[in-house]
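Chains A and B, in that order, give the protein sequences.
Heads up: the first sequence begins at 1 in the working numbering, then just goes up one per residue.
Heads up: the second sequence begins at 1001 in the working numbering, then just goes up one per residue.
By construction, these hints were calculated from the structure, which means they are not laboratory data.
Quick caveat, the model's predicted, so the values are computed rather than measured.
Even for Gly, the Cβ is constructed at its ideal location relative to N, Cα and C.
Mixed in with the good hints, there may be bad ones.
[To be verified] Stretch-level coverage of chain B by chain A, calculated; a stretch enters the list once three of its residues show a Cβ under 8 angstroms from a Cβ in chain A:
(1) 1083 to 1094
(2) 1104 to 1112
(3) 1117 to 1126
(4) 1157 to 1169
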Amino acid sequence: MKEMNLSRVSSHAPLWPSLAALVLSTVYLIALLAVEEQTLIIGLLAAAGVAVIAANYVGVSDAVSRSFAEHESIFSLCAVVAAFAVAAYFHDNHFVLLLVVTVILYIVATLGLNVQFGYSGVLNFAGASFFGIGAYTSAVLNAHTAVPTLLVVLIGGVCAALIGSLLLLPVLRTRGHYAALVTIAFALLFKTFLEVNDVLGGPQGLQVGGMNILGWSFNDNLSIGDIDLSFYLNYFLVSMLLLIGAFVLVRRLERSWIGLNLDALRLDETAAGCFGLNIARWKIVSFTLGNLLIGMAGALFGMVGSFIAPNNYTFADSLILVSILLLGGIGNVWGVIVATIIVVIVPEKLQTIQEYRFLIYAILVIAVLLFRPDGLLPRPVRRYFPGARS
Amino acid sequence: MTETVTTTTATNPAILEARGLTRRFGGVVALDNLDLTVNASEILGLIGPNGSGKTTFFNVITGIYQPSSGTVTFENADVTGASPQKMYHVGVSRTFQRSRLSLPLSLFDNIMIGNHKRLNQGLWFNLMRRSAFKDEFEKNFQAARALLEIFSPPLVKRMFDPVGALPMIDRRRIEICRALISEPRLLLLDEPSAGMTHDETAELMNDILLVRDQTRNLTIVIVEHEMGMIERITSRCVVLNFGRKIADGPYRSVAADPLVQEAYLGTSV
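Using the sequences and the hints, build the whole thing.
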């Protein structure tokens, strides 16, 4: 045991295993997105399952995770490049690019949820509602004002955070399951509120104006020379920027005294209080920051989809966000990314299971909780400056 | 109570004074009009049968429970009914009877939880000024390392292992490190030997004495059931029974007190 730990600190795991895994996953993802035939897709999914189990069995995944842990920052850069490679490959394919943008924005939202659930343990079962607040904010602002659309994204997040603060009082006065019930009630109320509110379009919903930065309209197709590009590439760029910002923010948060505070209060409020931690303050910080990220993702997603309706922001959608978190490994930002890719892309490609997607999510969550309660990628112990000695 | 012996190291001023401290839970009186003085730089043993109010006393002092009546003074300031946060900030630190470490977190993280008041908690500092944060991290890493070095040098190499992987005695050590890292004025140890073997307990007590010798101005109150340990490390003992103080003095004299023997062994009919 001791030797193992020593070797982990002093040895230098090579970079290539994690990079190889990344390249393989990217190629696989492109193949999965490109293929249309249902049997082929099922075959690909089965192959991925077998490959992951086999990699675990022969110890390849160990090598990959060690290499990843030591070279995380380089790996992160390469992951960004990989995302751009996927987008470049599908540069003229509206459907796939929309799917990719959906994945990216869902990752941003789930990162926000991760700050709440994963770090401070504030249970939020109204994720989709805060996502919706962002989307409705951009619908209203784009239709009635000339606020720059980039700023609208930020305002969407701020609105979600502000409306979320209405929930703070009941959330702070209750613990655990009771706080969860408060957010469930909010999720149900929110959808009803949208449905009866004619100003916000009622059940039919609203059109959302597209993004426009200094005359660069995002809803026009582009072309470079002879190559035609889908207009979704615009949204892909902005979504990636938002994702990178959110990821860096959440990563730094985790690797700071604040991340430590949030963990301490999740694990033992009483003990944390005995060491000076202001419980209410840090719950407010994590709840507000989480809602800010969810709202920003929602505001941008509203513009991407150009149409929103109350049915997109139901309690069931909130549960999907939570199930992404459970599947990926609560508290692990990389787990969030992997799980979002799976949960968003698989039902979309596998048209045969579309109708049963909620059934499949439910089975997935139960299976994860039973057989791998820490998720696909369990959260590792915090390293403040990984790669360095500590 | 006139016969209770009050031979204290009279030169030292009181660091903590409880006067008429009472705490009721419904009909149960867990602390009953308790007067208790802790003198600066002493090691005070707090003993008594199960349910006599020792842990309740700690919980009232550290603000987890509010007193029903009575006053608490710490370093001449009134701290009656202060919050746990306030008590930590004035310099009172504690361990828990049922070790309350955060098991999934690393040794370092657990120790740093105890260092809360010395860490820069600003959002901007933590998120945006990473190089300044790194300096602060390094400084505190060295402090945690130095403290752990006293208790158990082998643990230094495991600073970033989860605490859940450690045996009970090491968890106790980490808990004490967490209480000591912020250099408190008063340390409350609630049954540090619970769940440990006799030898492990002896080892831990040596550690505590060692730390006290290295730290000036540290006052310790210890709740303990192992009387051998109490005799060895305390300079004075207070015995509680049904929330009342029944004896106060050096271990030998309180152990000989008929009231104390009655509390532990019952009345002879």
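Hint by hint, here is what the structure shows:
1. 1083 to 1094: Three-residue rule met by the segment 1083 to 1094 of chain B, so holds; n is 8.
2. 1104 to 1112: holds (count 6)
3. 1117 to 1126: Result for this restraint: holds, n = 6.
4. 1157 to 1169: Coverage by chain A holds here, the residue count being 6 at a Cβ distance below 8 angstroms.
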